[in-house]
Amino acid sequence: MSGGSVHETVLSWSAGRETVIGVRADESVLGAAERADLALPFGCRTGACATCTGRVVDGWIEHTRPPRALKDRHLAAGYVLLCIAEPRSDCRIEVGSDVRTELVSNPWK
Amino acid sequence: MSDARKPNETSTDEAQPGGSEGPGYTTPQAAIEESTPEKVAYVMGLYVGTDVDAPDFLGVVDVDPDSESYTEVIDRVEMPNRGDELHHFGWNACSSSCHVEGLERRHLVIPGQRSSRIHIVDTKDRRNPELTKVIEPEEVFEHDLSAPHTVHCIPDGNVLISMLGDRDGDLPGGFLALDEDFEVEGRWEPPGEIEMNYDYWYQPRHDVMVSSEWAAPKTYYPGFDLDDVEAGDYGRRIHVWNWEDRTVEQTIDLGEEGLIPLEVRFLHSPEATHGYVGAALSSNVFHFHDAGDEWRAERVIDVEAREHDGWEMPVPGLVTDLLVSMDDRYLFFSNWLHGDVRMYDISDPSNPRLADRIWAGGHFGDPAPVQDRELAGGPQMLQLSLDGERLYWTTSLFSSWDDQFYPEEAERGSVMLKADVDPRRGTMQLDEEFLVDFGELPAGPARAHEIRWPDGDCTSDVWR
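Quick mapping for you: the protein sequence lines, in order, are chains W and U. Every letter in the first sequence is one number past the one before it in the working numbering, and letter 1, counting from 1, is 1. Offset between the second sequence (1-based) and the working numbering: plus 1000.
Rather than coming from a laboratory, the hints here were simulated on the basis of the structure. Because the structure is a prediction, the values reported are computed rather than measured. Don't take each hint at face value.
[Unchecked claim] Straight-line alpha carbon distances no greater than 16 Å define the calculated EDC-like cross-link-like pairs of lysine to aspartate or glutamate that follow:
#	chain 1	residue 1	chain 2	residue 2
1	W	109	U	1307
2	W	71	U	1233
3	U	1133	U	1181
4	U	1039	U	1253
5	U	1039	U	1138
6	W	109	U	1225
7	U	1133	U	1066
8	W	109	U	1312
9	W	71	U	1066
10	W	71	U	1183
11	W	71	U	1307
12	U	1039	U	1066
[Said to hold, decoys possible] To give an idea of the chain W side of the interface with chain U (calculated C-beta under 10 Å), a few residues:
#	residue
13	12
14	13
15	51
16	71
Here a beta-carbon is modelled for each residue, glycine too, at the ideal position from N, C-alpha and C.
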């Protein structure tokens, strides 16, 4: 893709905190956050576990591998796996551990 | 890192108990007679999946009632990375290597369930263990495996780890072998013997191993989804292996009543061909045994689902852990969603008899606080003292599943509780004086999972 460009990415936590980081075209949002010394939740780093789930509210993201942990309904709702997600435009993404908990609920309740 | 002052008397490893050449005890009865009461417990502590910016850790819990730091987390060995989800772990050697001169039960093999990273911790100084080696995930992925689960040592000093997925978190899983220097030796079994994997137990005298099934990592990692059950993405089979040949000889489909068979426990006697497996979702316990011409599995305990006020469907107990006492007389298991721990007399292995039960936490346990501490989860991973008189448990199952069923545990952290067991009368009583609060740690509230003893466990020791 367009190597060299940097996409301005707003990370937004549910508690109201927001931070802007620059994500290079060839790095994941998680990788860029780590470079900026920002702690985001993560687990497998292979797109299987959904621990790093974020939700894109504005912008364009591409996954570099199949996002195995997300179902079609999740992808349609804008959920992405930040360990394998690369921005293709400036973005605004909801992050933090409670984004993952939205993927599934208590089925008996 | 230490959370408490170093005690004056630092207990280090002692001579091999029982006077045998290698680690462990010559027989299960020797373990009961020759062991001394546990003084420290090793407990998995977790921050994975939370916003707490700290790695998972091995917690050292003081369980010596005569100690000043009784019921405290006296030391934490932090892992070098975040995101591991430490889950189950095991020893480099157990009583199965009792005959191997020079081998010590000293190193813990601690996998990250989500990261596929494998850590080696030296417990020479029992109260201050030390991380000595890390196997990075890439080395595991090379063998097309991921999501390490159960660690057992095998009789020659090597280590075997059940692996739940392929390198992408999909099926099939398999087994990874480490050599005695904790180098990855490779895949233990011919690829493709099984699809799903989870726990396993072996009985070398009978040349047999039994393994169970959870699901593909990509299925269970994000959380529990009934759609996945309906799609057949969760396990319901157990596999009987030829231990020497490393091949599956028989697969038993437990059917609808055996959905998600998790922990596998053989009786400890090396002569025994009886064992149990708990089916978490169906909330049943199956007894399996060698019937001569084939292995059979029969449902012997059925936990009824219960109506819950305000919930739409009857709630299963969710049998998530079980163990057999060292004398092979009692079976204990936890109903994580209901909130009870049960004790069954298994003198007749195919006819377990309910002996006693304790309610503590859970969604039905009328959860009375222990020492004013609200319990944010249900009883989960169990561990029993070798003499069968003290049963301990923690409350976290798996970070993403906790968040679905006990969301408050992320804010409050786990607890470790204890019951006093009377094996002669077959009774249990919650010890209200015992509470280890993982909600009170420096980096923030932590989850707590599997428990191990330095001198052998009711859930890991095997005899040859």
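Checked hints:
1. For the proposed pair residue 109 of chain W and residue 1307 of chain U, the alpha carbon gap of about 11 Å is at most 16 Å, so the pair holds.
2. The suggested pairing of residue 71 of chain W with residue 1233 of chain U holds, with an alpha-carbon distance near 13 Å, which does not exceed 16 Å.
3. Our distance criterion of 16 Å between C-alpha atoms is met by residue 1133 of chain U and residue 1181 of chain U, whose separation comes to about 10 Å.
4. This hinted pair does not check out: residue 1039 of chain U and residue 1253 of chain U have alpha carbons roughly 41 Å apart, beyond 16 Å.
5. Between residue 1039 of chain U and residue 1138 of chain U, the direct Cα distance comes to roughly 37 Å. Violation of the 16 Å bound is thereby established for this hinted pair.
6. For the proposed pair residue 109 of chain W and residue 1225 of chain U, the alpha carbon gap of about 13 Å is at most 16 Å, so the pair holds.
7. In summary, the hint linking residue 1133 of chain U to residue 1066 of chain U is not supported, as the alpha carbons are separated by about 33 Å, beyond the 16 Å threshold.
8. The straight-line distance between the Cα atoms of residue 109 of chain W and residue 1312 of chain U is roughly 5 Å, inside the 16 Å bound, and the hint therefore holds.
9. Taken as a hint, the residue 71 of chain W and residue 1066 of chain U pair is broken in the structure, with Cα atoms around 53 Å apart against an allowance of 16 Å.
10. For the suggested pair residue 71 of chain W and residue 1183 of chain U, the alpha carbons sit about 37 Å apart, so the restraint of at most 16 Å is broken.
11. As the CA atoms of residue 71 of chain W and residue 1307 of chain U are separated by approximately 30 Å, the hinted pair breaks the 16 Å bound.
12. Taking the CA atoms of residue 1039 of chain U and residue 1066 of chain U, the gap is about 9 Å. The hint holds against a cut of 16 Å.
13. The beta carbon of residue 12 of chain W is not positioned within 10 Å of any beta carbon in chain U (closest approach about 13 Å), and the interface hint is therefore violated.
14. With its C-beta approaching chain U no nearer than about 8 Å, residue 13 of chain W sits inside the 10 Å limit, and its interface hint holds.
15. The restraint placing residue 51 of chain W at the interface with chain U holds, with a minimum CB-CB distance near 5 Å, inside the 10 Å limit.
16. Against a cut-off of 10 Å between C-beta atoms, the interface hint on residue 71 of chain W holds, since the closest Cβ of chain U lies about 8 Å away.
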